[in-house]
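Here are the chains, one letter per residue:
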Amino acid sequence: MPIDIPIVGARSAVWITGQLHLFFAAFILGAPIFVVICEWWGHRSRDERYERLAHETMKVVLLAYGFTAISGAAFGFALMGPYSDVMVHLFEKFGPLFGLYPLFFLIETVLAYLYCYTWGPLARRKGLHILIGVALNVVGTVVMLLMNAVGAYMLTPPASPESAGIWELVNNATWSGLNLHRFVANVTLGGFMVALFAAFMFLTAKTHDDRAFYDWMGFTGNFIGVATLMALPLAGYVYSKEIFLYDATIATFMMADKLSWFFVVQGLLVSLLFLGANYYMWVSIRRVTGAEPYRAYQRPTFTVILAASVVWMVPQNFLPDLVTTAPAGVAAQDIVIPERAAFLGLMMAKALAVTAIILLTFLTYMCYRRAIARGTMRWGEIAPQAQYALVFVPAVAVYTMGFMGAIRELARQDWHVYNVLRDTTPYWYTTPLGHTGVMAGIATLVFFTVMAFIFWIGFKLGQAA
Amino acid sequence: MVTQRERTSGAHVHTAAGGRAVTPTLKRVPWGVIALLAVVWALPPLLPEGFGLRFGRAFQLFFTAALVFSVAVFWLLDQEHIPQPKSTAGVLGSIALVYVATVGFLVAVAVAAPQFALPRPEDEVATADAAKRGEALFWKPEAACFQCHTIAGRGGTRGPELSHAATVAGSRVPGLAAEQYLREKMKGGAAYPFKVPGYVPMMPAFGQSLAPDQIDDLVAYLLTLK
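Quick mapping for you: the protein sequence lines, in order, are chains A and B.
For the first sequence, the positions run 1 to 465 when the numbering used here is used.
For the second sequence, the positions run 1001 to 1226 when the numbering used here is used.
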């Protein structure tokens, strides 16, 4: 390592700045997808609320652009000194791509400003305005695909990188899996963040009209978030399958060795996301007149979701990796799952549990649709605790992104580029679970602190003006 | 189940009393939870040793935590209308509190989970004994044999146990001595013609990724496992 970064250390500096950059990037990529869909839908259905939701959210997105760039620059600086050898390697391999990246980011930014500021002027030419929004999303997605190529390459480079062409480097074994997973997750994040803004606005609203609108907005954001969340376990499965096919030892390292307990925690995180989203739906269904009969399903639904969550989380043993033995004084049978229950620790049981959770979430949503279709919705009369569920879910979602992202990085073990460029810095080792959790926690809290500021400027002050 | 009476009284609280909270008491005795707790704590010691369902202490704590959490979820579900702060600052404060508490909880879980020790670079073995070097290599991520193979109770289970590799290897392929078999199997991995039945053939071919002397070391080590 040419030079280290004092006090925090190079690895932590890269970790936090890179993570923040990814959080902001996910938000500015995911939210506009949500915004354009809303604008289009509002235009089609002549429902003014979608238009208002889209425009108000886009203002916040635009403010987040600045922070995406700043955190990106900080990330770049942190990499420059300590990890210059890695950067040289990546520049050698992906030269043209690092040229295209700023170009597309520039186009994306121009389109974002254009999209936001032509909202009024193009009010009568909605088709054109929506087209700008779509173009923004296409370019944004290209920007993401470009950098995903580099990230995916570091974990799964082609067999002989020296002779591989640029397309082979880009289209490496896990590029498409990572693309799919990130794309869907960004929309999920966009939806949940919109629901978070709505929750805050609802809780501070003074008039019934505002409450009704923000109640509806939270409902819509959560709906998009949950709809895409249900696809995420599948996308994750596709992605891990690609990793497995590329090199079974990485998969073992993740599922059975050092990262095995990370996946127990992942089970907790995703269960919490589903629980939060379902809690919101079951509390908010109470503001639908005529929905009372559906409440009989509430307890059974949660019983199954909670039981499935336990199955998902139950570990095979309480050992952190494959080489650690039980500490002195603790018998192996105290910390290893008993024989007859061993199936609970296997992939099959976990997959069934996840399927059950997704299925029940889907059924809950169908109940909700039915109730709305048959009864009357009293927008604005939702109980505050449902809004706090909308506050809780994004906190877990962002932490999950940070945590799972760390798993993806740690899967490279002691390599910068797996089997190609070894990590010989003092930070070459896999960080234990506790340290990883602390880092993801710091990044999450910093992200939301900045978001609170952005949101204050864009939503609160913007409205007062 | 929520009774009709509770439902209407809940609606009453909601409309008439506005933002007042329902008193945080359980409405009924949670018999189901008590029964489950009894199953978790009282049952395992009663089961015969060889029955294969005796959950150890760590699992009992795990299930108890899950039950406590579930009770909290159901309690929250039973609430009709939890009060909210009136001022903007109050709302902001309450949201910040939710964030700190949520992230704090998640970090606490990560810290409380089992942690592996950080590796110590001074563990490098510089020894003239090939079997010793092979043993060290077996447990290093570089070769990662331990991820799939168990020796003397440690390691993974995707591949066969190698605690008696030397003995087994001699009878695997007719006409091939243990040493030759081990070397060829390691070089070829799952592509080697002979595969131990009953396992998914996923062993990587180490002929490329390990140097010949590293393979020699591993063979030397495995040959000591009679």
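Among the hints, a few may not be true.
Derived list of chain A stretches under chain B, where covered just means 3 residues or more per stretch with a C-beta under 8 Å from a C-beta of chain B [claimed, not checked]:
no., region
1, 84-95
2, 138-151
3, 213-223
4, 383-396
Here are the simulated DSS-like pairs of lysine-lysine, each with C-alpha atoms no more than 25 Å apart in a straight line [said to hold, decoys possible]:
no., chain 1, residue 1, chain 2, residue 2
5, A, LYS350, A, LYS241
6, A, LYS59, A, LYS460
7, A, LYS206, B, LYS1132
8, B, LYS1086, B, LYS1140
9, B, LYS1226, B, LYS1132
10, B, LYS1140, B, LYS1195
11, B, LYS1195, A, LYS241
12, B, LYS1086, A, LYS460
13, A, LYS59, A, LYS241
Residues of chain B clear of chain A, computed beta-carbon distances all greater than 12 Å [unchecked claim]:
no., residue
14, TRP1041
15, ALA1042
16, PHE1063
17, ALA1166
18, GLN1214
Worth flagging that the hints you see were computed from the coordinates, not collected in a lab.
Note that beta-carbon positions come from the ideal geometry of N, C-alpha and C, so glycine has one too.
Each hint tested on the structure:
1. 84-95: Check failed, 0 qualifying residues.
2. 138-151: n = 0 at 8 Å, threshold three: violated.
3. 213-223: violated (count 0)
4. 383-396: Coverage by chain B holds here, the residue count being 9 at a Cβ distance below 8 Å.
5. A/LYS350 - A/LYS241: Given that 25 Å is the threshold and the Cα spacing comes to 15 Å, the pair holds.
6. A/LYS59 - A/LYS460: 11 Å, holds
7. A/LYS206 - B/LYS1132: With a Cα-Cα distance of about 75 Å, the restraint between A/LYS206 and B/LYS1132 is violated, given a limit of 25 Å.
8. B/LYS1086 - B/LYS1140: With Cα atoms ~59 Å apart, B/LYS1086 and B/LYS1140 exceed 25 Å; violated.
9. B/LYS1226 - B/LYS1132: At roughly 15 Å apart (the allowed maximum being 25 Å), B/LYS1132 and B/LYS1226 satisfy the hint.
10. B/LYS1140 - B/LYS1195: Status holds; Cα separation ~24 Å.
11. B/LYS1195 - A/LYS241: 23 Å, holds
12. B/LYS1086 - A/LYS460: 17 Å, holds
13. A/LYS59 - A/LYS241: At roughly 39 Å apart (the allowed maximum being 25 Å), A/LYS241 and A/LYS59 break the hint.
14. TRP1041: B/TRP1041 clear of chain A: closest Cβ-Cβ about 14 Å, beyond 12 Å.
15. ALA1042: At about 16 Å from chain A, B/ALA1042 clears the 12 Å cut-off, so the statement holds.
16. PHE1063: Violated, since 7 Å does not exceed 12 Å.
17. ALA1166: Non-interface label stands for B/ALA1166: nearest chain A Cβ at 22 Å, farther than 12 Å.
18. GLN1214: 15 Å, holds
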